[in-house]
Amino acid sequence: MKSVMSNKFVIALYTLPALLLILVLIYIPIGLSGYYGLMDWDGIGEMKFIGLDNYITLIQDKVFWSSTWHSFLLAIFSTASLLLYLAISLILASKIKGSDLLRKIYLIPMLLSSVAIAQLWMKIFDPTNGMLNTLLGYFGVENPPIWLADPEIVLYAIFIPIIWQFAGFYILIYYAALKNVPDEVIEAAKIDGANPLQIAFKIKLPLISGVFKVTIMLAVVGSLKYFDLIYVMTGGGPNGASEVMASYMYKEAFKLNNFGYGSAIGFGLLVICLVMTWLTSQLTKSKDEVQF
Amino acid sequence: MSEVRTQQVTPSLSTEKPKKSFLNKIGFGFLYLLLGGFAIVQIYPLIWLLFFSLKTNKEVFGMSPFSLPQDPQWGNYTKAWTSGNIGVYFFNSVWITISAVILTVILASLVTFAVTRMNWKLSGPVLGLFLVAYMIPLHSTLIPLFKMYNSTNLTDNPLSLILSYTAFNLPLTIMILLGFYKTFPREIEEAAVMDGCSVHRIFFQITLPMTVPVLSTTAIINMIYNWNEFVFVNTFISSDKWKTLTVGINNFVGQYLTDWGAIGATLVISIVPILLAFLFLSDKIVEGMAAGSVKG
Amino acid sequence: MIKKKAFTAVMSMAIAGGLILGGCSSSDDTAKDSDGSSSDKTVVKMMHIWSEGSSKAQYTIVDDIIKSYEEENPDVDIQTEILANEQYKEKIKVLSASNELPDVGVTWAAGYMKPYVDANMFTPLDDVVEKDKFVAGTLDAFSVDDTTYGLPLELNITPVYYNKEIFEKYNLEVPETYDEFLNVVETLADNGVTPITLGNRDRWTGSMWFMYLADRIGGKDALNNAINRTGSFEDPALVKAAEEIEKLVNMDAFVKGFNGLSNDEAKGYFMNEQAGMYLMATWELPNYTTSPEVEQEFKDKIGYFKFPIYEGGKGDVDSFVGGPGIGLFVSEQSKVKEEAKDFVSYLVEEWGKRSVEDAGVIPATIVDTSSGDLHPMYIDILNDLSNATNLTLYADVQMSAGVADVHLNQIQALFGGQTTPEEFAKTQEEALAAEK
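Chains as they are written, first to last, in the working numbering: chain D, 1095 to 1386; chain H, 13 to 308; chain R, 1258 to 1693.
Rather than coming from a laboratory, the hints here were simulated on the basis of the structure. You may find that some hints are simply not true.
A few chain D positions that, by computed beta-carbon distances, are all more than 12 Å from chain R [unchecked claim]: (1) LEU1115; (2) TYR1149; (3) ILE1150; (4) GLY1192; (5) ILE1202; (6) PRO1221; (7) VAL1248; (8) ILE1280; (9) PRO1300; (10) LEU1350.
Residues from chain R shown here face chain H by an in silico Cβ test under 7 Å; the list is partial [stated by the list, open to error]: (11) SER1311; (12) SER1312; (13) ALA1314; (14) THR1317; (15) LYS1348; (16) VAL1351; (17) GLY1569.
Label pairs and their computed distance ranges (CB to CB) [stated by the list, open to error]: (18) H:GLY136 x D:ALA1288: 36 to 44 Å; (19) D:ALA1288 x H:LEU35: 14 to 22 Å; (20) R:MET1508 x D:LEU1291: 54 to 62 Å.
The beta-carbon is built from N, C-alpha and C at its ideal position, and this holds for glycine as well.
Between the sequences and the hints, there should be enough to build the whole structure, so can you do that?
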């Protein structure tokens, strides 16, 4: 039996196509990114080799570290929000009435493109005519915050749409995972007298822990490299208050003609992702886990 | 399988029942209130988008976003449909998305199967390679990829999109599949091997059907990503005949003036097919469970 | 199960079909192209930013010009690729990094253009340009070392648009001095009307306010000298201009939350009559004159005035912030350079004849206002333009990309009260000085 499952040819057949794709389309660009980082290049003219200068500048760059911090905060909030999504999924996956319809409705925002989401939330945050401040006005709030224009709160304000954007994504995954839990196990527990909460915590959650750990990883890395809404809604402003690594990289490379430096930032992002992933996997390690 | 314990439950609760069910009702009522509230929050964007697409530019700004369009501008839809080649963009979006999704899901399944079910020393490192591939920021790859496609004459060719989407979605898809594959017991497959099945039979006829729910899940995720993808299309494609809907939206973003109503209409048009596909696939998540659960 | 299998089968055929289609079509095209170029037509590839959906008028003019050019030159085939502004800039970046610029494309002036010229990506256009046909100064913005690399298509100046009805309601007259202007601002603010709408999330909008103050206080050379390094950004006039900005902000002159509003969003307030004034370039003119999308009632209420003079300042009222908008370049590596250059000069000339009437865009070529019936506001603007004593090109266009970014960030900080006028000046002086 072992030999059937160790057939080298089959293994190669099954993994090589995908491996080839990512080696060519992802790893070559990663390599080139690091390589461009060694250059003084505006993206237009000639490249000039300057060794590790960009990387040294990067390490001392205050803007880079503040944007890293912002990305890191996003990762923390995103991971925390996973618990909320898990709770919602638990409810949806239980056999309460209407869960089917609710599930479908809850996932709808997932279908929206970033363009639509950006437009919607900018209307919500508009300081004068926006939905938020109009509502606050009804409650008698005199001077509501100016949200995206306020450097103190812009970061937290922009986190809301970002995290909301992925609600559907995680709920979908948790829901599928929960539905995967065999009915018999749940039935048996019920007969044993377990109440819904006990079933949730002692049976369902442990059985989907593998999936949950994967989503933590996805949330962390996804947050670290997040770009879309930040760039469209705040441009990283005001004055860098909501800058994240990916938007900083884009600006330097594409807007400021510092392509070499931008590439170095991109490579730095990658390294930070690696470190964070390793840290996260250490923190969520359990004895029988397959180590990534 | 856990033991089936018999227990007489009902009689001792006869006096407690009325109280419990009342509390229960309040609890449930409150729960439904919360759930319903959240549902409104989730469906509101769609309604808002619809209204948005029917407003004039003037209403979009300045007026309260809660307001209904005063004079529904159905013309926005006509404009969206006839300006530029939206029919072509639509068709391209559809087949490029489907192709990439199928390719991704199949390749990812093959890899995840090999990594979790087959015995080989390199499975860990290979998985690691896929994981690390997830970490690259999109824009870092633009120029290298463009150069590569350019030198292989694949620019302005939808193949560049399908391959790129697949490559970029593989890590994510594999990671999700991985989480699920681990929860499937290996006994069935081991039994099949003892029965003399080849690996291919095991994969296609046993494992794959078992994973339909998670395949639907990843299919939905991939589909949404590909459908709304924008940067690659913009960079690799130049001819109108290969462009997709997302780029079509930008037709309405002017140099100094943006036609928001038409953009809204285009967004609504582009969300319809994916909404339908989503509703279709999301049922599969539950269906697959009933049909494919193989336990005991 | 059967349904699923059928579904899979259909899908697989769809992909296969698609892949084959994809493969076939591009090879078909290449076949056609290679046949084409050798036997029939010279292909000139052009990229621009006027899509049919958003800039229909401009799109139509360009399309017509292309058609008539192709009629007169039957062996030339012009293919266009149209992208929105942001996406265009991004793609040009990618293309230039791979040496794949289109034969003809759009470029912005000065700071934007310079790296491309330095890298020999644009070809000199001196031999196809007739310098006296262009408004003075517009070609300079597209030249490096006296060689022209871009042919400008647009010219914009920046007046202050105002809502006449709102002014009348509060008995306000068009301000001619800055003190009168401050009075207007105060009156409106006291009465709960947003005096000025501003979308400073995009930052360049605030920069224009600063530039006018710099001009009116320090004269037309103050800012330019700081930028071209014959002067300093810490010139007292520039610091004073920053102080005036601070004063305006503290007077609540600008719409609430301006640092988080895009220009589009801010414009909405003006269009909805929730703000009295709006400082913006003449590309807005169609909204107040000819655009069919705007109600006539609103359009009749809008007028403009020139930025007021500052008592004791060196700038005069006929000095404007403004300059050329986009221009066209020809790629140095184009294989059809001569045809491309010929087409470009043809386009610019024909464009100049039609752009004002048909698209409401002021071209960089000199416009004959006597013929045709232009909307009175256009005639006024064109007259003001011909009487202009100076055009100061937008600061962030004059500066190189890196310094422009510092400038724009400082503008946002100044308006947001996060920096002092002195720091504002100092930071930019340092950035300018640090440039190689």
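Structure-based check of all given hints:
no.	hint	verdict
1	LEU1115	15 Å, holds
2	TYR1149	19 Å, holds
3	ILE1150	17 Å, holds
4	GLY1192	27 Å, holds
5	ILE1202	24 Å, holds
6	PRO1221	3 Å, violated
7	VAL1248	7 Å, violated
8	ILE1280	27 Å, holds
9	PRO1300	32 Å, holds
10	LEU1350	5 Å, violated
11	SER1311	3 Å, holds
12	SER1312	5 Å, holds
13	ALA1314	10 Å, violated
14	THR1317	12 Å, violated
15	LYS1348	6 Å, holds
16	VAL1351	5 Å, holds
17	GLY1569	35 Å, violated
18	H:GLY136 x D:ALA1288: 36 to 44 Å	37 Å, holds
19	D:ALA1288 x H:LEU35: 14 to 22 Å	19 Å, holds
20	R:MET1508 x D:LEU1291: 54 to 62 Å	59 Å, holds
Taken one by one, the earlier hints fail for this structure at numbers 6, 7, 10, 13, 14 and 17, listed in ascending order.
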